[in-house]
Amino acid sequence: MADKNPSPGLSMLLIDDEPFYYNVLKKSLTAAGYGFIDVASTGEIALEKVHANHYDVIVTDLRLPEMDGFEIIKRLRQDPKLGHTPVIVITAKNDPSEKQKVFALGADDYLAKPIQPQELIARIDVLLRRRGPTTR
Amino acid sequence: MQPVLDTELGIQKVGGDPKDYRELLADFIQELPEKIQRMYGLCEAHDLEKLSRAAHNLKGVAATLGAIHLSNLAHQLDEQGSAEDADGLRETIQDLEMAAHVLSDHANRFLNDQEN
Chain A
12 MADKNPSPGL SMLLIDDEPF YYNVLKKSLT AAGYGFIDVA STGEIALEKV
62 HANHYDVIVT DLRLPEMDGF EIIKRLRQDP KLGHTPVIVI TAKNDPSEKQ
112 KVFALGADDY LAKPIQPQEL IARIDVLLRR RGPTTR
Chain B
2 MQPVLDTELG IQKVGGDPKD YRELLADFIQ ELPEKIQRMY GLCEAHDLEK
52 LSRAAHNLKG VAATLGAIHL SNLAHQLDEQ GSAEDADGLR ETIQDLEMAA
102 HVLSDHANRF LNDQEN
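Taken in order, these protein sequences are the chains called A and B. Sequential numbering from 12 applies to the first sequence in our numbering. Sequential numbering from 2 applies to the second sequence in our numbering.
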């Protein structure tokens, strides 16, 4: 079987206060050959983690306790070290104005829940292919 | 009529593995009564922001598992909570509770059939 994962060892941070999505995605991403998959249940934890670890891609929900996903994207894009890390938004609300807002803030993609793991993997691959090899 | 539990859709949404789906569904129906009790508590406390977020999360998880009717009711609760429409909240949670019982029956039948 051909290698389906062009980015072996990819590290991802999933920001979501609902552990269900982590359980769904972790298995599929690991099965597809992805490496480190980390999770943060709040924006504060996520920002601590992105400063302590390297992630190739960040996937975030928008509706989170305390700090919402919009604020997270804003802070990531203001940080010179994290400004180019791909950010994919996953949200249960498929709203065109919300989509416009997250893209204006600097998100790279927007997926409405329920998301299929294979679709997320395909979107990550496209983003990373466009950006070329990552430097660590 | 909205389907109570579309297992084919759910399997597809969680990545295509029926075993994974069964595990996720079993966990979900086990945790569901606690989630609904928490919603009653948030409703009593008039914490509409947390109630709306809990409903929002339930909507997404239920939709992923193919529990369409429950997901639609959770969506209704989310909208009511976001609009601070406190009047119908308790009724919608009661509808959710009823739908959760029906869903649990369907899910348990499905899980038992798969075991045999």
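Because the hints were derived from the structure by calculation, they are not lab data. All residues carry an ideal CB built from backbone N, CA and C; glycine is no exception. Warning: the hint list may mix true and false statements.
Claimed, not checked - List time: in silico DSS-like cross-link candidates among lysine-lysine, alpha-carbon distance up to 25 Å:
1. A:Lys-85 - B:Lys-51
2. A:Lys-112 - B:Lys-51
3. A:Lys-112 - A:Lys-85
Unchecked claim - To give a feel for the contact side, a few chain A residues facing chain B, derived at Cβ under 10 Å:
4. Arg-74
5. Thr-96
6. Ile-126
Now the hints, each set against the structure:
{"no.": "1", "hint": "A:Lys-85 - B:Lys-51", "verdict": "holds (23 Å)"}
{"no.": "2", "hint": "A:Lys-112 - B:Lys-51", "verdict": "holds (23 Å)"}
{"no.": "3", "hint": "A:Lys-112 - A:Lys-85", "verdict": "holds (11 Å)"}
{"no.": "4", "hint": "Arg-74", "verdict": "holds (6 Å)"}
{"no.": "5", "hint": "Thr-96", "verdict": "violated (24 Å)"}
{"no.": "6", "hint": "Ile-126", "verdict": "holds (8 Å)"}
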